[in-house]
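*Asks:* The primary structure of each chain is shown beneath.
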Amino acid sequence: MSYFNIDAQALNTYDAIVIGSGISGGWAAKELTGKGLRTLVLERGRDVRHVTDYPTTNKQPWEFEHRNQLKQEVREANPIISKCYAFYEGTEQFFVKDAEHPYVQEKPFDWIRGYQVGGKSLMWARQTQRWSDFDFEGPARDGFAVDWPIRYADIAPWYSHVERFAGITGNKDGLATLPDGEFLPPHEWNCVEKHFQQKVAAKYKDRHVIMGRAAHLTQPQPIHFQQGRAQCQHRTICERGCPFGGYFSSNSSTIPWAAKTGKMTLRPNSVVHSIIYDEAKGRATGVRVIDANTKQMQEFYARIIFLNAAALNSNLVLLNSTSHRFPNGLGNDSGVLGKYVAFHNYRAGISGEYDGDLDSTTDGRRPNSPYIPRFRNVLKQETNFLRGYASGFSAGRISRSDQNGIGADLKESLLNPKLGGWYVGSHMMGETIPKESNYLALDSSLKDPFGIPQLKISIAYDDNDDKMVKDYQEQLTEMFTEAGFKNIRVRDSHAAPGLDIHEMGGVRMGKDPKTSMLNKWNQLHAVKNVFVTDGASMTSTSTQNPSLTYMALTARAADYAVKAMKKGLV
Amino acid sequence: MAGAVGGLISLPAWANGWTTETVLTTRKILSVGQTELLAEMVETIIPATDTPGAKALNVHQFVQKMVADCYPKTAQENLNKGLDSLNDLAQKSFSKPFAQGDTAQRTALLTQLAQSPDQKEFYSLVKNLTIRGYMTSEYVMTNLTHYEFIPGRYHGCVPVPQKAASQGK
Ligand SMILES: Cc1cc2nc3c(=O)[nH]c(=O)nc-3n(C[C@H](O)[C@H](O)[C@H](O)COP(=O)(O)OP(=O)(O)OC[C@H]3O[C@@H](n4cnc5c(N)ncnc54)[C@H](O)[C@@H]3O)c2cc1C
Ligand code: SF4
Numbered sequence: 001m002s003y004f005n006i007d008a009q010a011l012n013t014y015d016a017i018v019i020g021s022g023i024s025g026g027w028a029a030k031e032l033t034g035k036g037l038r039t040l041v042l043e044r045g046r047d048v049r050h051v052t053d054y055p056t057t058n059k060q061p062w063e064f065e066h067r068n069q070l071k072q073e074v075r076e077a078n079p080i081i082s083k084c085y086a087f088y089e090g091t092e093q094f095f096v097k098d099a100e101h102p103y104v105q106e107k108p109f110d111w112i113r114g115y116q117v118g119g120k121s122l123m124w125a126r127q128t129q130r131w132s133d134f135d136f137e138g139p140a141r142d143g144f145a146v147d148w149p150i151r152y153a154d155i156a157p158w159y160s161h162v163e164r165f166a167g168i169t170g171n172k173d174g175l176a177t178l179p180d181g182e183f184l185p186p187h188e189w190n191c192v193e194k195h196f197q198q199k200v201a202a203k204y205k206d207r208h209v210i211m212g213r214a215a216h217l218t219q220p221q222p223i224h225f226q227q228g229r230a231q232c233q234h235r236t237i238c239e240r241g242c243p244f245g246g247y248f249s250s251n252s253s254t255i256p257w258a259a260k261t262g263k264m265t266l267r268p269n270s271v272v273h274s275i276i277y278d279e280a281k282g283r284a285t286g287v288r289v290i291d292a293n294t295k296q297m298q299e300f301y302a303r304i305i306f307l308n309a310a311a312l313n314s315n316l317v318l319l320n321s322t323s324h325r326f327p328n329g330l331g332n333d334s335g336v337l338g339k340y341v342a343f344h345n346y347r348a349g350i351s352g353e354y355d356g357d358l359d360s361t362t363d364g365r366r367p368n369s370p371y372i373p374r375f376r377n378v379l380k381q382e383t384n385f386l387r388g389y390a391s392g393f394s395a396g397r398i399s400r401s402d403q404n405g406i407g408a409d410l411k412e413s414l415l416n417p418k419l420g421g422w423y424v425g426s427h428m429m430g431e432t433i434p435k436e437s438n439y440l441a442l443d444s445s446l447k448d449p450f451g452i453p454q455l456k457i458s459i460a461y462d463d464n465d466d467k468m469v470k471d472y473q474e475q476l477t478e479m480f481t482e483a484g485f486k487n488i489r490v491r492d493s494h495a496a497p498g499l500d501i502h503e504m505g506g507v508r509m510g511k512d513p514k515t516s517m518l519n520k521w522n523q524l525h526a527v528k529n530v531f532v533t534d535g536a537s538m539t540s541t542s543t544q545n546p547s548l549t550y551m552a553l554t555a556r557a558a559d560y561a562v563k564a565m566k567k568g569l570v
Numbered sequence: 001m002a003g004a005v006g007g008l009i010s011l012p013a014w015a016n017g018w019t020t021e022t023v024l025t026t027r028k029i030l031s032v033g034q035t036e037l038l039a040e041m042v043e044t045i046i047p048a049t050d051t052p053g054a055k056a057l058n059v060h061q062f063v064q065k066m067v068a069d070c071y072p073k074t075a076q077e078n079l080n081k082g083l084d085s086l087n088d089l090a091q092k093s094f095s096k097p098f099a100q101g102d103t104a105q106r107t108a109l110l111t112q113l114a115q116s117p118d119q120k121e122f123y124s125l126v127k128n129l130t131i132r133g134y135m136t137s138e139y140v141m142t143n144l145t146h147y148e149f150i151p152g153r154y155h156g157c158v159p160v161p162q163k164a165a166s167q168g169k
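Protein chains in written order, with our numbering: chain A, 1 to 570; chain B, 1 to 169.
Please keep in mind that the hints were generated in silico from the structure rather than gathered at the bench.
Small disclaimer: the values here were computed from a predicted structure and weren't measured.
Note that the Cβ used here is the ideal one computed from N, Cα and C, for glycine as well.
Treat the hints with care, as some may be off.
Stated by the list, open to error - Taking lysine-lysine and the DSSO-like style, the derived pairs with C-alpha atoms no more than 30 Å apart in a straight line are: (1) K435(A) to K511(A); (2) K83(A) to K28(B); (3) K71(A) to K81(B); (4) K28(B) to K97(A); (5) K73(B) to K71(A).
What the hints assert, rightly or not - A few chain A residues that don't get close to chain B, going by computed Cβ distances all over 10 Å: (6) N12; (7) P79; (8) D98; (9) K107; (10) D133; (11) P149; (12) I150; (13) A153; (14) F183; (15) H208; (16) Y301; (17) R303; (18) G451; (19) Q473; (20) G484; (21) K520.
Between the sequences and the hints, there should be enough to build the whole structure, so can you do that?
*Replies:* Laid out in structure tokens, this is it:
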């Protein structure tokens with residue numbers, strides 16, 4: 001499609017192209033423009049500007065026509081996205097509707113997406129823990145996947161770099177499984193959470209309950225004020241967009257920061273079709289873009305390309321970037337592109353009640369909760385499954401009113417709720433094992449609305465995951481019992497993969513080009529000027545939430561890319 | 001939508017949550033007669049006392065809107081059929097249309113519905129939505145349960161206040 005004359009080509013040429021403006025793309029944009037590169041950011045969705053494009057952020061509960069419940073027709077038209085807990089009347093505008101981007105579920109997979117400037121950073125739950133060497137050494141030690149080409153020490157300074165800018169609240173807990181970071185003051189515990197923490201600490205040497213680490217400004221620093229952000233006000237309706245910039249999103253933080261350099265060109269409504277590989281030059285020269293409004297294809301060129309379309313879409317773009325040299329997808333000499341996809345197991349949960357501490361309650365709201373770092377199979381293999389799980393935990397008190405009556409009595413009891421006991425709950429976040437049989441491919445006949453082949457997703461839970469669910473239920477039941485919690489109930493949602501929204505892999509990092517796609521700088525082994533720094537690059541999944549790691553890897557790779565560019569290496 | 005009081009000047013200032021106007025944006029699933037009857041029904045469930053009841057807060061409009069927009073077809077049929085039979089049941093039980101019964105008569109009839117195998121689904125649909133509409137109305141949330149949009153704080157262990165007000169999200 002090179003119908004352009006030389007001038008047009010020059011006009012469409014940049015130092016760098018970033019594909020996607022979500023959590024990782026925002027960081028690529030910030031770092032590359034910050035280092036002086038003229039950077040084009042291509043985003044398939046519409047623009048979403050901080051504050052002005054958050055239509056529901058200041059709506060009171062009664063201002064929602066349906067009290068935040070989804071319309072029946074929306075639910076029926078969107079069976080996939082309607083399963084996501086964060087999709088409701090106040091957030092509908094930020095999630096991809098099922099028909100917008102169809103895909104093939106070779107096995108059930110609920111693909112949850114946000115296509116707009118900011119990607120999923122607008123709606124995420126903001127939990128941000130560092131990964132540790134137990135995670136980076138896992139594959140080498142436990143014998144699954146391939147060895148990571150990096151260790152914690154490689155990424156630690158970059159964690160600090162992104163934490164300081166994004167603003168992360170947390171407590172320094174001194175745990176080997178969960179390295180401390182650059183923290184703003186931690187959120188407050190409530191009495192029952194504290195009680196549980198103490199009970200667990202008393203019984204188990206190796207199990208800890210800590211305050212969650214989350215991307216909230218509990219005490220903004222000058223760098224946050226410079227971004228135009230302010231202290232988090234504890235509204236806990238973050239997924240509608242926060243006018244205070246109280247939590248980190250690309251929209252409130254990295255994208256406007258990149259824009260301020262004057263080096264960024266942000267092009268929304270630009271669906272990247274593929275990356276262009278020039279055989280003569282032996283490098284990628286640019287990208288093909290379909291304009292979402294006109295459906296016209298257009299080309300843009302750059303020295304380096306950062307692929308940050310979110311894990312599955314980054315796989316899709318590479319699989320669709322075929323050439324004589326790379327008939328099976330860009331950089332895919334090894335044949336592993338699209339394979340070894342993994343995710344997090346969120347299937348299991350547990351709840352209970354507690355009748356101590358009845359003279360105390362909580363006041364206000366907290367956009368965060370305590371966290372139980374992984375304690376299984378850490379120092380030795382002690383179970384019949386590989387790896388382990390982290391867990392969320394929280395406690396609260398509910399007011400209840402008797403709703404049995406009618407008339408004035410009913411009204412009276414509705415308006416005078418009785419404070420019930422404490423409820424406690426936890427959910428698991430299990431590590432799943434990347435396997436060759438969990439793969440992505442392009443469907444040979446079905447196309448999406450832009451004429452791009454549909455992504456075929458073939459990902460499933462296995463026996464290891466089922467055993468882990470059982471162990472979580474048993475161990476947490478034991479811990480809950482130890483703490484004196486009553487009416488303990490465990491569950492297994494049997495949800496399909498995908499709803500965890502932590503899909504990773506397919507373009508994994510590794511030392512050996514024969515078994516991996518990317519080197520230790522997130523650079524395609526075979527195409528040195530293409531960097532993939534989102535979840536697609538993960539070799540294994542850890543038990544921690546992933547996005548902080550995507551941010552750190554992105555900043556690290558951008559630093560390397562610019563240095564390598566200056567040395568003429570890419 | 002909210003804040004749109006429209007032409008209904010007779011409504012007090014706080015009742016701007018749902019108005020006839022916002023309900024009109026929805027497919028109409030009830031006749032005028034049925035709507036009036038529903039208003040009497042929600043008012044019986046949550047009546048005016050020293051504070052407004054469900055009818056003055058337009059909860060019947062809310063119920064209608066929710067059933068039209070957010071519930072499966074079967075719920076709409078239930079609501080229609082249930083309302084249609086309400087006057088017959090009133091005739092049988094106190095020889096008057098439902099609206100003309102006194103509080104005790106209406107209350108007794110609805111209490112009976114709650115137990116009736118044919119009617120209890122209809123009744124609990126209306127009752128649940130009435131409670132939800134009432135409790136999340138602007139009037140109740142601002143004047144009675146004192147909802148805070150921006151608490152600005154979280155304290156984990158405070159003494160239980162003498163009178164606990166509910167705090168939803
Ligand atoms: C409800 C919810 C809760 C979550 N909670 C957490 C949490 O607590 N902690 C955590 O770590 N993570 C959480 N996540 C996951 C987190 O949001 C993702 O891991 C993160 O956003 C991934 O960053 P990314 O840059 O890879 O992708 P995204 O943020 O999704 O951004 C990708 C961008 O690329 C664009 N794009 C895609 N394809 C193309 C194309 N072909 N051309 C151009 N642009 C394209 C998309 O439109 C999008 O804007 C949560 C997610 C959700 C939805
Ligand atoms: S909790 Fe904090 S970040 Fe979330 S919406 Fe409220 S002020 Fe914003």
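*Asks:* Please go over all the hints and tell whether each is borne out by the structure.
*Replies:* Cross-check of the supplied hints:
1. K435(A) to K511(A): holds (18 Å)
2. K83(A) to K28(B): Holds - the C-alpha atoms of K28(B) and K83(A) are around 28 Å apart, at most 30 Å.
3. K71(A) to K81(B): holds (22 Å)
4. K28(B) to K97(A): Judged against 30 Å, a Cα distance of about 27 Å means the pair holds.
5. K73(B) to K71(A): Holds, because 12 Å separates the two Cα atoms, which is no more than 30 Å.
6. N12: holds (44 Å)
7. P79: holds (14 Å)
8. D98: Non-interface label on D98(A) holds, nearest chain B Cβ at 18 Å vs cutoff 10 Å.
9. K107: Fine: 28 Å to the nearest Cβ keeps K107(A) off the interface.
10. D133: Check passes; 33 Å lies beyond 10 Å.
11. P149: The claim holds: P149(A) sits with its nearest Cβ about 41 Å from chain B, beyond 10 Å.
12. I150: For I150(A), whose nearest Cβ neighbour in chain B is about 37 Å away, the distance exceeds 10 Å, so it holds.
13. A153: At about 35 Å from chain B, A153(A) clears the 10 Å cut-off, so the statement holds.
14. F183: F183(A) clear of chain B: closest Cβ-Cβ about 17 Å, beyond 10 Å.
15. H208: The assertion about H208(A) holds, with a minimum of 18 Å to chain B.
16. Y301: holds (47 Å)
17. R303: holds (47 Å)
18. G451: holds (35 Å)
19. Q473: holds (27 Å)
20. G484: holds (17 Å)
21. K520: The assertion about K520(A) holds, with a minimum of 41 Å to chain B.
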